[in-house]
Amino acid sequence: MKIKALDNILRPKIYVPLILAAFLGAIPSVTSNSYVIHLLIIILFHAVLSESWNILAGFAGQFSLGHAAFFGVSAYTSTLLFISWKTTPWLGMFIGAGFAVASSLLIGFLCFRLRGPFFSLVTIAFGEVLRLLFLNWGSLTGGPVGLLVPLMGDSPINFQFLSRKPYFYIIFIMMLAVTCVTYKIRSSQIGLYFIAIREDEDAAQSLGIDIIRYKLIALAVSIFFTAIAGTFYAQYLLFLHPDSAMSLNFSVEIALPAIVGGMGTICGPLMGSFILTPISEFIRALLGGGYAGVYLIIHGGILILTVLSAPSGILEKIMKSYEAALKKMPGG
Amino acid sequence: MALNDLSLSVATKTIVGLIGPNGSGKTTFINLVGGFYQADHGDFLFNGNRINGRKPHEISRLGIGRTFQETRVFRKMTVVENLLVASPNGISGQSMEKARYLLGFVELSHLKDEYAGNLSYGQQKLLEFARVLMRDPELILLDEPAAGINPILIEKLLKCFRTLRDERKTLVIVEHRIPVINSICEKVIVLDHGQKIAAGTPEEIRFNETVQAAYLGAD
Chain A
1 MKIKALDNIL RPKIYVPLIL AAFLGAIPSV TSNSYVIHLL IIILFHAVLS
51 ESWNILAGFA GQFSLGHAAF FGVSAYTSTL LFISWKTTPW LGMFIGAGFA
101 VASSLLIGFL CFRLRGPFFS LVTIAFGEVL RLLFLNWGSL TGGPVGLLVP
151 LMGDSPINFQ FLSRKPYFYI IFIMMLAVTC VTYKIRSSQI GLYFIAIRED
201 EDAAQSLGID IIRYKLIALA VSIFFTAIAG TFYAQYLLFL HPDSAMSLNF
251 SVEIALPAIV GGMGTICGPL MGSFILTPIS EFIRALLGGG YAGVYLIIHG
301 GILILTVLSA PSGILEKIMK SYEAALKKMP GG
Chain B
1001 MALNDLSLSV ATKTIVGLIG PNGSGKTTFI NLVGGFYQAD HGDFLFNGNR
1051 INGRKPHEIS RLGIGRTFQE TRVFRKMTVV ENLLVASPNG ISGQSMEKAR
1101 YLLGFVELSH LKDEYAGNLS YGQQKLLEFA RVLMRDPELI LLDEPAAGIN
1151 PILIEKLLKC FRTLRDERKT LVIVEHRIPV INSICEKVIV LDHGQKIAAG
1201 TPEEIRFNET VQAAYLGAD
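In the order they appear, the protein sequences are chains A and B.
Under the numbering used here, residues 1 to 332 are what the first sequence spells out, in order.
Under the numbering used here, residues 1001 to 1219 are what the second sequence spells out, in order.
This is chain A alone, in the form it adopts within the complex (with noise of 0.2 Å):
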């Protein structure tokens, strides 16, 4: 066993992303620079719900556009907790993703008895329902003035640090876990399971598949993902509204580093995060406040033209050269 999972590791598709990896985790110890280490923290933050959001759409072929609000819940419910009973986040986390998870199978459990674009819309009606209460709901959620998270100072038990290098290392372990879930699922015969039932629903049925449990497994993994990323954003800005949490909008920006890396890859995800989250926040960084909404035409060209040129995603056609590379290495 130990000389094949060395073997495994002297292949060059495994030890080249684990290159970039631990090329990826040191940079915070050769850079003091804190915007760059803040804008590798949102790159990753993207990555992991993007990546979160691939299981569901991009393996299971179920395309959620209300993300944000299961986000929403499990961020809200850490905040509260911590702010009500002084509940450690990282407990909170959990307890967060227990509900978001819960209300998702709920909406799974309800929709996917049915064809077509019914869970799409029922998300984006959730999403919307959600957003609107926490909006006018401002005894429990500060309604549109938002919630502070109260500041504990330098206090990992609390989830809060000084300084960024901490927040990174725990986006960045997000990012390993939700990669290696997705990696683990897609080797598995679970993960064939959702590919049949995105390829061809009846068809997986007739090979025995439980196409509605397996829809709800895909929709437990991601939510649970997205849910945990939920408690970081809380955590890491300290203060949450529901227009920027839990909006449409956000549901968006979720899904599209998927779409355009690549749905249904594994690695499409975090590379369509590092193109589009950079590209949004220097967008945000030249133009300032005054044109908030720029970047979301800049996301948009940059979709048409993805789907345009590459309709699999930007990661297939890298990855064409990227094997003709790799061939090419040591072990390939």
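Please keep in mind that the hints were generated in silico from the structure rather than gathered at the bench.
Every residue, glycine too, gets a C-beta built ideally from N, C-alpha and C.
Careful: at least some of the hints might be erroneous.
What the hints assert, rightly or not - Quick list of in silico lysine-lysine cross-link-like pairs, DSS-like style, CA-CA up to 25 Å:
id: 1; chain 1: A; residue 1: Lys13; chain 2: A; residue 2: Lys327
id: 2; chain 1: B; residue 1: Lys1076; chain 2: A; residue 2: Lys317
id: 3; chain 1: B; residue 1: Lys1196; chain 2: B; residue 2: Lys1013
id: 4; chain 1: B; residue 1: Lys1112; chain 2: A; residue 2: Lys320
id: 5; chain 1: A; residue 1: Lys13; chain 2: B; residue 2: Lys1076
To be verified - A few chain A positions that, by computed beta-carbon distances, are all more than 12 Å from chain B:
id: 6; residue: Leu80
id: 7; residue: Gly288
id: 8; residue: Gly301
id: 9; residue: Leu305
Place chain B on chain A using the hints.
Positioned in the frame of chain A, the structure of chain B alone reads:
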């Protein structure tokens, strides 16, 4: 009403052909048995057990496999993955071994790592057939397995059917190509307007006047 007052039985370990003009209810019958449609009334018995109202995946797990009129392979999976997804034993050495055997059986071994969407239509039919066999069903419902494929691939398919016949599998084949039916079926059932109009050996059916009238018109 696609099927009305239809009563038929298929003996185990036989190959039965189900024929009839377009719209006679052949595919509807397969969809009903497979759980894709629900009957308003009546019973379906499999090995003596009533299977009405069960979901398609439950029916598949009982040991009834099916193919579709238009091929329904998973285009973005490789050929071997198309077989592994159907394995009741998960991705295991045993499943891989069986997948390899079945790919050899339908003569697609050389394409095992190709995406199913890149195969020709006929090759997709063979793959879909091999995929059904991955679950080792007792009863296999084949909806126009030879439709749209060239004579060489039809010969391959017939060879597979004959092997299954020798292995004493139960097959129900919906097919328009009468030579295909004549060459492998022990019994033929003819449907027209959702009703059984004849049943017998291929030889008996060939000279049955009611069948001829259904195909060619009453005049």
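Exercise for review: Quick one: which hint numbers does this structure break? Sort them smallest to largest.
Suggested key: Going through the list in order, the structure violates no hint and respects every one.
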